[in-house]
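K.L.:
Counting with numbering that gives the first Met the number 0, you get residues 0 to 234 for the letters of the sequence shown.
Keep in mind that a hint or two might mislead.
Unchecked claim - No more than 27 Å apart at the CA atoms, straight line, and that leaves these computed lysine-lysine pairs for BS3-like:
hint	residue 1	residue 2
1	K74	K90
2	K74	K17
3	K156	K90
4	K197	K17
5	K141	K156
6	K156	K3
7	K35	K74
8	K35	K197
9	K197	K3
10	K17	K35
11	K17	K63
12	K90	K17
13	K3	K63
14	K35	K3
15	K74	K63
What the hints contain is simulated information worked out from the structure, not anything from laboratory work.
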Amino acid sequence: MSAKHVAIIMDGNRRWAKQRRFEILRGHSQGTSTLKTIARHAYENGVSHLSVFAFSTENWRRPKAEVAGLIELMKRFLMQDLETLQSDNVKLSVIGDLTRFDAELQGLFETAQSVTAQNTGLHLTIAVNYGGQQDFLSAVQKLQEDGKSVETIDDVKAAMQASFLPPVDLLIRTGGEQRVSNFLLWDIAYAELHFSDKYWPEFTADDFDRALHDFDSRERRFGGDGAVDKLASKA
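Input sequences plus hints: build the corresponding full structure.
P.N.:
Printed below as a string of structure tokens:
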């Protein structure tokens, strides 16, 4: 069964730039171009949901100039590429605590989501100022404030920022690191993991295809017995 929801931790922008003696922001800019390429390719290969980690809650610790540059890149993407998102039939969603960003960026996020809300192609979710543990904590606090009882895992999921997302089938991390870094912790519970040594700016459609092939070659048992489950499904 092919992956329908792919999540990507887009790691390695800074190291890619340093390796080439470029300014750090050039790495982030090239990473944005890579995202556009991979998003189109993913949809062409049957992926319906693509979720990417663009800015974590921990990224505020980076140098102020780099953070400011990242914010400007986000603004530029939302202003310059909104028409392309619309023409490509992409639905854009943004998760994370957006209140820490300035009013202009918050407005751009809101506009982009509103304009693309009815699109029926790829559903692209961008996580900014996001943390999986923080998302879970906020969900619990929201349930407590609303006085709602929690009886099933669906009750918790419904209160999370990513409540609209299906479970992640495949999590890809680039840059050579092998950890999930607090990204969509609830939704990757049974995801297959694929780690690439490629830095995100140099990650190609062929690399993405290799990840999909890796996924397709695995037997997903979800804690059960694959052979027993197959027999049960035929009964």
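K.L.:
Tell me, which hint numbers fail for this structure?
P.N.:
Violated hints: 12 and 13; rest satisfied.
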